[in-house]
Amino acid sequence: MKSINRISIILCLFILTSCYESLDFRQLDDVVFKPVFTSSLIHFTVVPSQFFDSAGIQQNSISDITDIDGLQSWFNEEFLVKIDVNAEVINELDRGVTFTVELLNSDSDVVYTFTPIVIEAEDLNYSYLEEVEIASNRGVLNSTKVRITAALENTGTPLDINDTRMFVFESSVTFYIESSF
Amino acid sequence: MKKLLFFLLILSAVKVTSQNKQVLFNFAELPQSLLLNPGAETNYKFHFGVPLLSAVSMEFGSSGAVLTDVFALDNRNINDKISTILNRLTTKDFVKFNSQIEIISGGFRLDSKTYISFGVYDEIDAIGYFPKDVFTLADEGNNAHLNKSFNASQIRYKLDVLGVIHAGVSRKINDQLTLGGRFKIYSSALNMESSNNTGTFTTIQGTDNIYRHHLSNVNITARTSGLFQNKEVIEDPNTYLDNTFFGDNLGMGFDFGVTYHISPQLEFSGSILDLGFVNHTKNIKNATAKGSFIFDGINFEYDRDNPINYWGELDALFKEQLPTEKNEESYISWRPTKLNAALKYRFGERRSEICYDNTYKDVYTDALGVQLYSVFRPLSPQFALTAFYQKLLTNKIHTKVTYTVDDLSYANIGAGFSAQFGKVNLYGMLDNILEYRNLSSANSLSLQLGINVIFN
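Chains as they are written, first to last, in the working numbering: chain A, -1 to 179; chain B, 6 to 461.
Just so you know, these hints were derived from the structure itself, not from any lab.
Hints may be right or wrong, so weigh each one.
Not everything, but these chain A residues come out facing chain B in the computed CB check (under 10 Å) [said to hold, decoys possible]: (1) E19; (2) D22; (3) I40; (4) F42; (5) S52; (6) L69; (7) I81; (8) S106; (9) Y110; (10) S134; (11) E168; (12) F173; (13) I175.
Even for Gly, the Cβ is constructed at its ideal location relative to N, Cα and C.
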C-alpha cells in the first residue's frame, strides 16, 4: 500500500509539474505564401518571305494567335496579384518592327493590350518588360487567347522576298502569387 | 480550400508510424505485451480487457520542427519562422502519428502450456517525409531557382486507418522456450499512400526561347482507398468507423514471437509483427503520371494559309508524352513490419509468486536489459535502441524505466507501471518524460494506458 501511495504521489507531481509554453495559433492569419513562377511564353523567327501572301503581294503586318488555358482558374482569381511579360527581340531587318501583344477573351474581344514593342532597324539586343497589376486589370483573368501582330515600318522600300535576314522574338511570363489563410 | 491544401501539405510532411512501445514490451506479463510478442510468457488463467479502455495508446513525433518553432510568442514574423524551418528541414525529416484503441480483448488458458488471446483494435497509422523540393516550389516558385531540379522522389507518405481482428496462441515448449503466433485480419477504412516516385522539374535558360522547362523521368503514383465513394469524398466519420470491422478492403497478417531462457536469470525475447498486407479493392481512386516533357513555349509560325491550333497541339503532345491517369485499380498495401528483440538479465531479491495453478515460481525483483526495435518504412528501416531497468516493488506492482535512442531523440526517458488491485490490473506508460517540461517544444510524445481484469 505504501508503494501505491508513493507511485500515486510521483504521478501526481509529474502531471502537475508538466507545463507548456504559450503558443499563439492566431499567427496563422499572418502567413503569406508568395511564390513566383516563370514560364516560357511565345517564340518565333520570321523571315521577310512570310510577309508575302500566296499572290506574292507584300503585307505590312502579320498576326498569329493561340489559345491559352488557366488564367481563368479560381486559383488565379483568388491569388494572382501580378504578371510580368518579358520579351527579347533580335531584329536583323533594315527596318523597324512593332509587335503588339493582345489578350482576348472567349468572344475574341481584346481584354488587354500590352504597350507596343517597337524595335528599331537592326537592333540585335532589345529587351522588353511590362508589369500588369491584376487588381487594376481584372479583365486579364478573362483571357483565353494571345495574339501577336508584327508590323513593319513603312520605309518606302519593298522587302526582298529572298532576304535571309530575320527577326527573332522570345518571351516569358512571370506569375506573382500571394495566398494567405 | 486553402486550409485543406495547407493541411494536405502538412500531412505530406507527416509520417504516421507504428509506435515503438519499448516500455510495454515484455513488461509485467501484461496481456497487451502479447500483442508485442505473442511468445511472451503468461501466468494467469484468463483475462479480459475493459472494453475501449484496455489499451489506449498514442504517439506523436516530429523530427525537424516543433510547435514553438512556429507559434511561439517571440515577436518574430511567422513567415520568417516558416522560412527558417523550411530551410533547416531535410528530406529525411518527418512527422508521425499513431493511435491504437483496443475495442475488446480477452484470453484464456487452454492447458498448462497454451494460452489463447484475441481481440479487436482500431489503429490510425501514418507517416510522411518532408518533400523539401515540393514545399520550396510551392512556397517560392521556380523563378528564383533556375537550373534547380525539383525532385518528386521526395514525395513519400502513408496513412492507414484500419481495424484489426486477431487471435493468437502462446505455447510453452519447455522450461526454457515459449513460442507464439498471432493471426490478424485487417479491415482498412482508409488508405492513402505514395512512394517510390521519380521525376524532376527543371527550368533552364533556353535556346529557342528565354527558358526551357524539363519534366524528366516522371513516374508518380498516388493511391487512395476508402476516401471516395461514387466519386464523392466520404465525409461521414461513421462510414470510416463501420469499415474498420469487416469492411470492403481486407487483408491478413501474422505475428511471431519467442521467449528463451538462456539461464535462470538471462532471457532473450523477440518478435516480428504485422507481416501482412491489405488488398484494396473497393472505393479506390488512384492517380498516376508517367513520362517526360520538354516545354519551350509556343512557337508561332505565322503561316496564314495553314493556321495552327497551337494550344490543342501542345495539349495533345503533353498528354501523349506525359500521360496522367485516374483509375480504380485494386492494389496491395503492405503493413509496416516491426521487429523486436530484447535481452533481459534478472537479479536482486528472489521472491515466490503464485501461479494460475496454485504452484509457486521464483521471480527476481530487478532486471536490466536492452531492446532493439525496427520498423520498415518507405524511405528506409528505422531503429530504436533501448536500455531498461525493471523493478518489482511488490508482487503486485511492477515498474520499468527506459532510455531510448531513436530518430527523434538521443535522450528519450520513459517510465511505466503495472499495478494489480485484486483482479483489476491498471497500467500506464509515458515516453520522452523530459519533454513534459515543455510540451509545446516536444518533438515526441507517447503514452499507453489500460485496464484489464486478470484471473490468476
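Taking the hints in turn, this is what the structure says about them:
1. E19: With Cβ-Cβ at 4 Å, under 10 Å, it holds.
2. D22: Holds, about 5 Å.
3. I40: With a minimum Cβ separation of about 5 Å from chain B (threshold 10 Å), the hint on A/I40 holds.
4. F42: This interface hint holds because 4 Å falls under the 10 Å limit.
5. S52: 6 Å, holds
6. L69: Violated, because the Cβ-Cβ distance from A/L69 to chain B comes to roughly 12 Å (cut-off 10 Å).
7. I81: A/I81 check fails; min Cβ-Cβ to chain B is 12 Å, beyond 10 Å.
8. S106: Violated: closest Cβ of chain B sits about 14 Å from A/S106, beyond 10 Å.
9. Y110: 18 Å, violated
10. S134: Violated - the Cβ of A/S134 stays beyond 10 Å from chain B, reaching only about 22 Å at its closest.
11. E168: 5 Å, holds
12. F173: 8 Å, holds
13. I175: 7 Å, holds
Figure legend: structure checked against the earlier numbered hints; hints not met, in rising order: 6, 7, 8, 9 and 10.
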